[in-house]
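Asks: Go by the hints and put chain D onto chain U.
Letter by letter, the chains look like this.
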Amino acid sequence: MTPHAALNALTGIDGLLSEEERDLASMVRKYADDRLRPHLADWFEAGDLPAREIAKDLGGLGLLGMHLDGYGCGGSSATAYGIACLEMEAADSGLRSLVSVQGSLAMTAIHKFGSEEQKQEWLPKMAAGDAIGCFGLTEPDFGSDPAGMRTRARRDGDDWVLNGAKMWITNGTVADVAIVWAQTDARIRGFVVPTDTSGFEAREVKHKMSLRASKTAELSFTDLRLPGSAILPEVKGLRGPLSCLSEARFGIVFGAMGAARDCLETALEYADTRKVFDKALGGYQITQMKLADMALELTKGVLLALHLGRLKDGGGITNEQVSLGKLNNCREAIKIARECRTILGANGITLEYPIIRHANNLESVMTYEGTSEVHQLIIGQALTGSSAFR
Amino acid sequence: MNIVVCVKYVPDAQGDRTFKDDNTTDREGVDGLLSELDEYAVEAALKLKESGEGEVTVVTVGPEAAADAVKKSLQMGADKGVHVCDDAIHGSDAAATSLLLAEAIKKSGEYDLVLAGLASTDGTMSVVPAMLAERLGLPQVTQVSTLEVEGGTVKGRRDSDVASDTIEASLPALVSVTDQINEPRYPSFKGIMAAKKKPVETWSLADLGVDAERVGLAGSWTKVTSFAKRPPREKGEIVTDEGDGGTKLAEYLAAQKFV
Chain U
1 MTPHAALNAL TGIDGLLSEE ERDLASMVRK YADDRLRPHL ADWFEAGDLP AREIAKDLGG
61 LGLLGMHLDG YGCGGSSATA YGIACLEMEA ADSGLRSLVS VQGSLAMTAI HKFGSEEQKQ
121 EWLPKMAAGD AIGCFGLTEP DFGSDPAGMR TRARRDGDDW VLNGAKMWIT NGTVADVAIV
181 WAQTDARIRG FVVPTDTSGF EAREVKHKMS LRASKTAELS FTDLRLPGSA ILPEVKGLRG
241 PLSCLSEARF GIVFGAMGAA RDCLETALEY ADTRKVFDKA LGGYQITQMK LADMALELTK
301 GVLLALHLGR LKDGGGITNE QVSLGKLNNC REAIKIAREC RTILGANGIT LEYPIIRHAN
361 NLESVMTYEG TSEVHQLIIG QALTGSSAFR
Chain D
1 MNIVVCVKYV PDAQGDRTFK DDNTTDREGV DGLLSELDEY AVEAALKLKE SGEGEVTVVT
61 VGPEAAADAV KKSLQMGADK GVHVCDDAIH GSDAAATSLL LAEAIKKSGE YDLVLAGLAS
121 TDGTMSVVPA MLAERLGLPQ VTQVSTLEVE GGTVKGRRDS DVASDTIEAS LPALVSVTDQ
181 INEPRYPSFK GIMAAKKKPV ETWSLADLGV DAERVGLAGS WTKVTSFAKR PPREKGEIVT
241 DEGDGGTKLA EYLAAQKFV
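For the protein sequence lines, the chains are U and D, in the order given. Position 138, counted from 1, in the first sequence is what full-length UniProt numbering calls 138; the numbers after and before it change by one each time, with no gaps. Position 39, counted from 1, in the second sequence is what full-length UniProt numbering calls 39; the numbers after and before it change by one each time, with no gaps.
Just so you know, the hints here were simulated from the structure itself, not pulled from any lab data. The model shown is predicted, which means the values in this text are computed figures rather than measured ones. Mixed in with the good hints there might be a few duds.
[What the hints assert, rightly or not] Derived lysine-lysine pairs resembling BS3-like cross-links, with alpha carbons at most 27 Å apart:
#, chain 1, residue 1, chain 2, residue 2
1, U, LYS56, D, LYS196
2, D, LYS80, D, LYS20
3, U, LYS30, D, LYS190
4, U, LYS30, D, LYS107
5, U, LYS112, D, LYS190
So that you can see chain U by itself, here it is in the shape it has in the complex (with noise of 0.2 Å):
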């Protein structure tokens, strides 16, 4: 039996999915395995990736913006979304990054908060994959704290003039639309702005050592001057971005088990083929330890995956159910990673195996989307109604 497989068959989780969601998770793996996988260890060193030529893939098996209605979208369940992401990730986080950015983020606030002149113009290429969106909402010295923006829209006429900067946009350089967010004199307000328009710079964050297999950028506006049409207008203030991330956080939820996942299938099928000594190392209690206890946590964050899947197809998650996931699976990934490294000893770092790879990647993570800290914050409110932000 297949590590994959032989999980499974412990889990049983695959009988809580439907067959359209088996179906649509074969689908993904099969891809990801033919098509990403092969290329993730070189994308990963180089620090790049074909990102137009996947996003086109991703456009035509239906995965951007596929829980999205209308404009070419897939009008998927939020649990199919999720485990499309949890497929994806389970090749590469970066790659994961690349679906959320468009689907939960740029798409999620065009379609939630645009003109129908915006949706229209967008959201098919978008969905098709011909247009790359990115989101700015992070700035330099502002990362969870997004209400200190230093970014600012000025009316003049019938335009907005947009300054200022925004740190760590994921597709920020290879984006064709970015949605900013921006301090106006009255709210912060959202603007939908091609990244061809003078004004607009997108540079790529170097020497990373994590997400390398996806493109990050630092975007800086210059007097950049859009149309009155530019602004998203159904909504105002924070609650506009913060919703687009809570929808990110969510496919983070499933996407963090299918790179822990990932891990442990490696871990598994390594265990079985290393000998040590005179027997394979998963032949001993303290690899079995490991590998019992790992089994248990990946199980325990699907599960709470699912859980919140259901929820959010029944029209009733909150945001902190969200954090829950966010803060547990993050949290497990990483722990997962690193002990499925133990594993692997030193062929563990290299690249040969996905394992450093996934762990270095998680630690971008469970800081993007909101920290693990900012979610035990976010849960600590819920629980005790304080708010110990500030």
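Replies: Positioned in the frame of chain U, the structure of chain D alone reads:
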């Protein structure tokens, strides 16, 4: 244009392959899938459909689990499916299978083109398409790496070691395609959801009017009497170069008839 594609459900080549007590391939105790070589035929059909009008019907013969091969084809974009399924079919050889396919195709309605893959990935015999063409009285254009349909004719290129033949036939015709002809698509999310609503007919021998004595283990002209695992590869011969390494290598290759 109505296109019928013959597909087969086979054991996953990545998994263990086992035989049952009657020396038939175990298709039930193992993970199975749509034979990868048949995906090229499905893709070829979908491409033809997309370039014009028409409908794609997939036909399979196999146990209950073989419905999966039909489902995968529908998820890729085929319009409807036919699954010939009957306990009496178990153990049918290529000739018996071609009989069942022929009857199912006739029953499924009007068709212009019957497509098949290069071979199944389990039996790898490549004979069913030719047998099927005989049974249906169709011209056969087998093992082509290109395919064009224009007016009432179909044209394809068959590549061999020494030459490439361009073969043309009038429709209706049977064409089998190689894995060089295209790159099969993955089912999309929308395809997976749409497939749920596509019609699939399941037909028994009685539905086809085929006598059980003509198929199955007893009705087949051939049967597997025994099997053996391939012996482990023998140790290679190491040629030490003492100035004549090249000559020795050439002699070896000539002795093995490689050159």
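Asks: Now look at each hint and say whether the structure bears it out.
Replies: Consistency of the hints with the structure:
1. Between LYS56(U) and LYS196(D) the CA atoms are separated by roughly 25 Å; this keeps the pair inside 27 Å, and the hint holds.
2. Proximity of LYS80(D) to LYS20(D) is assessed by CA-CA distance (about 32 Å); at most 27 Å being required, the pair is judged violated.
3. Distance restraint check for LYS30(U) and LYS190(D): the Cα-Cα separation of roughly 17 Å lies within the 27 Å cut-off, and the hinted pair is therefore satisfied.
4. As the CA atoms of LYS30(U) and LYS107(D) are separated by approximately 34 Å, the hinted pair breaks the 27 Å bound.
5. This hinted pair checks out: LYS112(U) and LYS190(D) have alpha carbons roughly 22 Å apart, not beyond 27 Å.
The earlier numbered hints that this structure contradicts are 2 and 4.
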